[in-house]
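Using the sequences and the hints, build the whole thing.
In my numbering, the protein residues as written are 1 to 302.
Hints are computed from structural coordinates only; laboratory data are not their basis.
Computed from a predicted model, the values in this text were never measured in an experiment.
Be aware that one or more of the hints could be misleading.
With a straight-line cut-off of 16 Å between C-alpha atoms, the simulated EDC-like cross-links for lysine to aspartate or glutamate are [said to hold, decoys possible]:
1) K63 with D288
2) K63 with E26
3) K181 with D216
4) K222 with E177
5) K272 with E249
6) K272 with E123
7) K183 with D247
8) K114 with E26
9) K152 with D288
10) K242 with D259
11) K273 with E123
12) K272 with D257
13) K297 with E123
14) K273 with E249
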Amino acid sequence: MFVYEASIRLHTFYNYFPEDVPTAKEAFERLNGAFTKGDLLPVKQGLSELRIAEFEIVNSYAKILFHLSNPLIPDADLRNGRTNKIRTARRGKDETPVVSAHFIVNFAATGDGKRIYPAVLEETERLSRSAVVSLLNLYLDSQYREQRKNKKGQKKNYSVRLAFIAPVDQTIGHLLEHGGKLKEVKIVRESMAKVTHGDKSYPIIKAQDVRLKTKDEPTGNKAKNILQRIWDDEDRAVKSFKVLVGDPENESTKTVDVDLQSNSILENAFIKKTLLSGFKTPLRQCEDAFRADVFVKIRDLV
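Here it is, written out as structure tokens:
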């Protein structure tokens, strides 16, 4: 089981009311109350449905178990240990494959000053961090959105937002300053085009993959300057922008998906992943409830 170690930061919508950001304790207790009343409904996007299956407050921890169902998730394959034959466990009528992800936030008062709190999310192939954050922000918006007057007397939308962030020592800039090597930049550009079939034209989206490999894998200020120039020259309308940096300490290559709204590419961060093992009972693709042994192991990280 791999988990993402990071933090969450609470802020208000467009930072309109920086002086009125609730603490994580206040925000998650409000969400927990809405969940208990059945107000946090599942959210559908395409064929997928994402929901909170379990939500519990334990001391200073918010424990959330997410379920994602999608008919495109493959049925599980099973191997017979005696014959080595493989069969697929076919889904039944009205059944849809589902995966789960454990999530914990420690909202101890030590994080209240900057509204930044340690958090851990289980890595699940089909359930991205951004999907989890989007769901929580949708629920926060349902509980907090209202119109208020700011200090200048202007009416603005007040709401609460959550961001999943990494510590400063996990940023691209920090890694390049401490021996990290700039290896490659991957960019996906999209453009509209038309194709003609018979006497009709149809709009299509053309994707172009661009890979920029460095010659000598620079580090330090040289690498930072090269990367910043590439970023400054690139159209922000690109589909995706990824940076690959060699991490000498761990002898690995780290890849970060850059926030396309970011002004400084060097502030984008890698989210640390940690392997948790030693479970007496193997984790299932989807857990019915938040496992107690998972809680103990994750709690030690936050």
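Evaluated hints:
| no. | hint | in the structure |
| --- | --- | --- |
| 1 | K63 with D288 | holds (14 Å) |
| 2 | K63 with E26 | holds (15 Å) |
| 3 | K181 with D216 | holds (9 Å) |
| 4 | K222 with E177 | holds (10 Å) |
| 5 | K272 with E249 | holds (14 Å) |
| 6 | K272 with E123 | holds (11 Å) |
| 7 | K183 with D247 | holds (10 Å) |
| 8 | K114 with E26 | holds (15 Å) |
| 9 | K152 with D288 | violated (49 Å) |
| 10 | K242 with D259 | holds (9 Å) |
| 11 | K273 with E123 | holds (8 Å) |
| 12 | K272 with D257 | holds (13 Å) |
| 13 | K297 with E123 | holds (15 Å) |
| 14 | K273 with E249 | holds (15 Å) |
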